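Asker: Here's the letter readout for the chains.
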Amino acid sequence: MLKLIVQRLLALVPLLFIVSVLTFSFTSLLPSDPVDLIIGDAGTQEQYEMVRHRLGLDEPVHLRYLQWLGRAVQGDLGTSFFNSVSVTGAVMQRLPVTLSLTVMSAIIAIVIGVAAGVAAALRPRSWIDRFATLGATFGQAVPNFWFGLILVAIFAVNLRWFPATGFTPLTQSPWEWLRSVILPSIALGTSSSAAIARQVRSAMVGVLQQDYIRAARAQGLPFRRVIFRHALTNAMVPVVAVLSFQITVLLGGALIVEQVFAINGLGTLAIGAVRQQDIPMLQGLVLVMVALVVAVQLATDVIYGLINPKARPS
Amino acid sequence: MTDKPLLEITDLDVTYRDRSLLGFGGRTFHAVKGANLVIRAGETLGLVGESGSGKSSIANTVLGLVPASGGSIRFGDVDLAAMKTRYPPAVRSRIQAVFQDPYSSLNASMTVEAIVTEPLRVHTAMNRAERRDRAVELLKLVSLSEEHLTRHPHQFSGGQRQRIAIASALALQPKLIVLDEPVSALDVSTQNQIINLLYERREELGIAYLLIAHDLALVHHISDRIAVMYLGHIVEEGPSDRVYRAPAHPYTKALLDAVPLLDPAAQRRRRAARKIAPAQDATRVAETGCPYRNRCPSAMARCAQHMPPAYPVEGGGTASCFLLAPDTGGETPGEAA
Chain H
1 MLKLIVQRLL ALVPLLFIVS VLTFSFTSLL PSDPVDLIIG DAGTQEQYEM VRHRLGLDEP
61 VHLRYLQWLG RAVQGDLGTS FFNSVSVTGA VMQRLPVTLS LTVMSAIIAI VIGVAAGVAA
121 ALRPRSWIDR FATLGATFGQ AVPNFWFGLI LVAIFAVNLR WFPATGFTPL TQSPWEWLRS
181 VILPSIALGT SSSAAIARQV RSAMVGVLQQ DYIRAARAQG LPFRRVIFRH ALTNAMVPVV
241 AVLSFQITVL LGGALIVEQV FAINGLGTLA IGAVRQQDIP MLQGLVLVMV ALVVAVQLAT
301 DVIYGLINPK ARPS
Chain D
1001 MTDKPLLEIT DLDVTYRDRS LLGFGGRTFH AVKGANLVIR AGETLGLVGE SGSGKSSIAN
1061 TVLGLVPASG GSIRFGDVDL AAMKTRYPPA VRSRIQAVFQ DPYSSLNASM TVEAIVTEPL
1121 RVHTAMNRAE RRDRAVELLK LVSLSEEHLT RHPHQFSGGQ RQRIAIASAL ALQPKLIVLD
1181 EPVSALDVST QNQIINLLYE RREELGIAYL LIAHDLALVH HISDRIAVMY LGHIVEEGPS
1241 DRVYRAPAHP YTKALLDAVP LLDPAAQRRR RAARKIAPAQ DATRVAETGC PYRNRCPSAM
1301 ARCAQHMPPA YPVEGGGTAS CFLLAPDTGG ETPGEAA
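Protein chains in written order, with this note's numbering: chain H, 1 to 314; chain D, 1001 to 1337.
Please note that a few of the clues may not be correct.
Below, in silico cross-link-like pairs of lysine to any residue (SDA-like), each with a Cα-Cα straight-line distance of 25 angstroms or less [stated by the list, open to error]:
| no. | chain 1 | residue 1 | chain 2 | residue 2 |
| --- | --- | --- | --- | --- |
| 1 | D | K1084 | H | P222 |
| 2 | H | K310 | H | L63 |
| 3 | H | K310 | D | H1152 |
| 4 | D | K1004 | D | H1221 |
| 5 | H | K310 | D | S1145 |
| 6 | H | K310 | D | A1114 |
| 7 | D | K1004 | D | I1222 |
| 8 | H | K310 | D | M1110 |
Quick caveat, the hints were computed from the structure, so don't treat them as lab data. Computed from a prediction, not measured in an experiment: that's the story for all the values here.
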């Protein structure tokens, strides 16, 4: 297991390198010029050259990349083109916001998805099953930003249970933090919970027909033990395999849902950076995202190995 | 062996409801009809029949996995049929099971130790160390060793897996073990090892077996009595040797004829002598009359009218066939189907 973790972390290095080269070259290929955006229409040629030099854009792209790389390996992802803040600082400041949203929506997606999937699988074709299937179809079909707006209209504007917008850091007030992330997390997690529910249901229906379930019941094990210890652990094997994908989807979805709830997370930062062609900021964001996705995949692989002895390297 | 039955099945019916697409209505399917069986303590009853004959339904009902829809199953002082599938733990722990496919009957996510000790964990107050000691004992009983405790099922062969399943079934020292086709998923050389193992443990531990199989020849070796099922009915029952050497019911004869003979000449003679059974729809359950009459070479007109009662057979046991009736009703066997 340790070997797997080390392998994955080592593989992260070339991956991050490739991704950074790609982002760097793509942003250089853009037809518009960030310098124009900074000095505006009224700027003179002199000002243009000055800003261009200050940002280092007058140097060839490969040199710029190497300079950036040299600092990046030391943890300095550069400075924003626009407000001269450190990219590392800005990203690290927004990271907890987006992580709160992603983690909370992943918890919601897994809890609802697994519960609905198990309930449906225990009584196939019952009204619970039909209701869960219908709900899953609905959940997957509804766009998260629209669902978010509906949630705001009902629970924030009408009922006033939750704030409609904004984010309170966990360190400031755990209760307010929970109140501020709950609606966006539901908006975000619903479609994943639907996907997970479908997976759990079909895996669970298959597992419940296995002889070891029959054997466990024949041995007189309590119903809950049969369902959770025997059936669910095995049913989760295929589910965990797709879980990393779902969490990646959540991470991407968080960027959109942040807009709906006016939350200053990585998504808001990323959209601003794209608009302004803030290359260092964009670069930093992409790298952090890639690292997050790899970390999620590693975590799910470790869990996969824990619940499925066959997948363990012997 | 005492004469008091350990398990006494009387007029057992098991039905399944085939739910329609919308969840209501649907047809009722009779898997077992009016079955009678007796197992005494320490005795092995072999239950044979082709697939779909209802033998696994009897196993599932005895194990409390499927409710009985009629009749009684007396086990000691209690009626299992009346409890439906809600057996108290004291009863559960005295009836254990080994299933057909050791590749699917062991939970792949558990270690051998967890599998073997799970019944102890649920039904006894033993602590972890005591359970572990017992697990080592149990593994020795099935010719495995302590070093296997930490391994997972996928690291074992089919025969070894079945030994693990047997060890788990022996854990609580049950009075009865239901063996549902315990060797039919194994290759032939392993089959004998497992059969011998079961035989030896039975002698040592005084356990009764309900052994379900489709191979009469194999069942014959370790059974004291044999019951033969066909389409939900027990058509013949009796001491193992008698049923094997002198089958009374035409279906039992057909089952025995299905076992290939080693001598080709004898096999040829038998094939020539065997009447060609009318190839009719065997799956259609006869609502009245004998369920076997469609395939029976000796079918008579009365077979279609009444279900033959269980007639005593010379040498012990009973068979449900009008051929054994004291008066044949003036008919010649084989004239009507």
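Asker: Each of the hints needs a verdict: does it hold here or not?
Answerer: Okay, the hints, checked on the actual structure:
1. K1084(D) x P222(H): Cα-Cα ~16 angstroms, so holds.
2. K310(H) x L63(H): Violated. K310(H) to L63(H) sits at ~48 angstroms, over the 25 angstroms cutoff.
3. K310(H) x H1152(D): holds, 8 angstroms
4. K1004(D) x H1221(D): Given that 25 angstroms is the threshold and the Cα spacing comes to 24 angstroms, the pair holds.
5. K310(H) x S1145(D): Holds, because 22 angstroms separates the two Cα atoms, which is no more than 25 angstroms.
6. K310(H) x A1114(D): holds, 16 angstroms
7. K1004(D) x I1222(D): Distance of about 21 angstroms is within 25 angstroms: holds.
8. K310(H) x M1110(D): Satisfied, since the Cα-Cα distance of roughly 11 angstroms is no more than 25 angstroms.
Checked against the numbered hints above, the structure breaks only hint 2 and satisfies the rest.
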